[in-house]
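Novice: Sequence:
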Amino acid sequence: MADVAAAAGVSVPTVSKVLSGKKHVSAATRDKVLEAVRAFGYEAPRPPSTPRVGLVDLLIDGLGSPWAQVLIKGAEQAAARWGFSLVVSSSCRSDFDLRRWIGIVRKRGTDGIVLVLSRAEQEEISAIEELLHVPLVLLDPVGARDPRISTVGATNWSGGVMATTHLLELGHTRIGFIGGPLDTQCTLDRYEGYLAAHRTFGIDPDPELTHYGDFLISGGKRFGAELLDRSDPPTAVFAGSDLMAAGVYQAAAERGVRVPDELSVVGFDDSMLCEMMSPPLTTVRQPLDDMANEAVRLISEELTHPRGPVGTRIELATTLITRASTLPRG
Numbered sequence: 001m002a003d004v005a006a007a008a009g010v011s012v013p014t015v016s017k018v019l020s021g022k023k024h025v026s027a028a029t030r031d032k033v034l035e036a037v038r039a040f041g042y043e044a045p046r047p048p049s050t051p052r053v054g055l056v057d058l059l060i061d062g063l064g065s066p067w068a069q070v071l072i073k074g075a076e077q078a079a080a081r082w083g084f085s086l087v088v089s090s091s092c093r094s095d096f097d098l099r100r101w102i103g104i105v106r107k108r109g110t111d112g113i114v115l116v117l118s119r120a121e122q123e124e125i126s127a128i129e130e131l132l133h134v135p136l137v138l139l140d141p142v143g144a145r146d147p148r149i150s151t152v153g154a155t156n157w158s159g160g161v162m163a164t165t166h167l168l169e170l171g172h173t174r175i176g177f178i179g180g181p182l183d184t185q186c187t188l189d190r191y192e193g194y195l196a197a198h199r200t201f202g203i204d205p206d207p208e209l210t211h212y213g214d215f216l217i218s219g220g221k222r223f224g225a226e227l228l229d230r231s232d233p234p235t236a237v238f239a240g241s242d243l244m245a246a247g248v249y250q251a252a253a254e255r256g257v258r259v260p261d262e263l264s265v266v267g268f269d270d271s272m273l274c275e276m277m278s279p280p281l282t283t284v285r286q287p288l289d290d291m292a293n294e295a296v297r298l299i300s301e302e303l304t305h306p307r308g309p310v311g312t313r314i315e316l317a318t319t320l321i322t323r324a325s326t327l328p329r330g
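At position 264 of the sequence shown (counting the first as 1) the number is 264 in the working numbering, and the numbers step up by one without a gap.
FYI, nobody ran anything at the bench for these hints, they're computed from the structure. Here the structure is a predicted model, which is why all the values come from computation and not from measurement. Take the hints with a grain of salt, since some may be wrong.
[Stated by the list, open to error] Below, simulated EDC-like cross-link-like pairs (lysine to aspartate or glutamate); rule was C-alpha separation at most 20 angstroms, straight line:
(1) Lys17 x Glu129
(2) Lys17 x Asp31
(3) Lys17 x Glu35
(4) Lys107 x Asp97
(5) Lys17 x Glu124
(6) Lys73 x Asp232
(7) Lys32 x Asp3
(8) Lys17 x Asp3
(9) Lys73 x Asp290
(10) Lys32 x Glu130
(11) Lys32 x Asp61
(12) Lys73 x Asp95
(13) Lys17 x Asp97
(14) Lys73 x Asp61
(15) Lys107 x Asp3
(16) Lys107 x Glu275
(17) Lys107 x Glu124
(18) Lys73 x Asp289
[What the hints assert, rightly or not] Distance ranges between label pairs, derived from CB positions:
(19) Leu170 x Ala253: 15 to 23 angstroms
(20) Asp3 x Ala225: 40 to 48 angstroms
(21) Gly256 x Asp3: 53 to 61 angstroms
(22) Glu192 x Pro279: 50 to 58 angstroms
(23) Thr200 x Arg108: 47 to 55 angstroms
(24) Asp97 x Asp261: 43 to 51 angstroms
(25) Pro279 x Thr173: 20 to 28 angstroms
(26) Arg255 x Gly83: 27 to 35 angstroms
(27) Ala225 x Gly311: 36 to 44 angstroms
Every residue, glycine too, gets a C-beta built ideally from N, C-alpha and C.
Let the hints inform the model, and build the full structure from the sequences given.
Specialist: Structure follows, in C-alpha cells:
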C-alpha cells in the first residue's frame, strides 16, 4: 500500500479506503489509486456486497500430513453442512505466489476464506482481507492474535498440561519436550502447559530436555536422537505432534530403546497415524473436524450478519487419548 500511495500521490489510509471499498473518496482519487494498483501488477479489490457464489476457500500449508487430511475432510463436510462447496489450495508448492492466488480467487469469486498457514505474515493477511473483501477465519493460528480477525483453535495449554500430567503420574520425572517452531503460538502454549504440570508436582524440569522442531517426523527423529544420546536421557518424551512422536519412535528403534518399556512417548493431534504406530500412540486429541466446522460456520454467520461482532475467538477442548505408548516408570 505504501508503494501504491507514493505512485498515486495520496496517503496510505486513502489507499486502504479504496482497496476496502469504503466511501468518502473522490472518483478522481479512486481512479489514480486503481491505476497505480494495476501498474504494480496487483489486483484491484473485490467490491463489497458481491453476490454469493457458494464457495469457501481453504488455503493450507501442505496436503500430505495426516493432520492436514483430517482437517480437509472436516472442512469439506462443514462446507456442505453450511451450504458451500470447498476449494482447497496448498501454499507449500514451489511455484505458489500469494498475489497470483488472490487474483485467481477474486476472478472466480469466493464467499469466505479459511487460512491454515504456519507462516502467515500480517501483511499477507491484510492483502487477502482488503483485496477479496470476504469473511476470513484463521484456523489454528500462529503468532500473536489480531483482535479484528476471527480465529478457531484448540486448548493447547490444557493439552500440554494433560500430556505432561499423565507422564508425571506414571512416575516420570525426566520428561523431554519436543515442540514445533518456537514462533508458533500453539508450541508456546503446549510448552507452558508442560511447565505448569511440572510446577503442580513440585518438579523443576531440566531445560536441557527441551527442543523445538518442525512438527515433522524429521524433527522428532533428530531431537529424539539428541535426547536419547545424552548421558542422562529422559524416560519419557512429550512430542508436539504425532509426526514428531513417530520420529522419536524411529530414533529409539535405532538405539535399541523399547517403547514403552524404556521410553514412554506422548504425541499431539490424534491423527490416523496413531493407531498405525507400534505400539499405538498415546496422544492429545485436537477436534480438527469440529474446528473446521466452526471456521466455516463463522464465515456463514458473517455473511448473514455482516454488522455482527468481529474478531471472534473459539477454542475447542483437547482430550488425552491413552494408548499403549506409555507405562509407569520402571
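Novice: Which earlier hints turn out false for this structure, listed by number in ascending order?
Specialist: Failing hints, ascending: 6, 11, 12, 13, 15, 16, 22 and 26.
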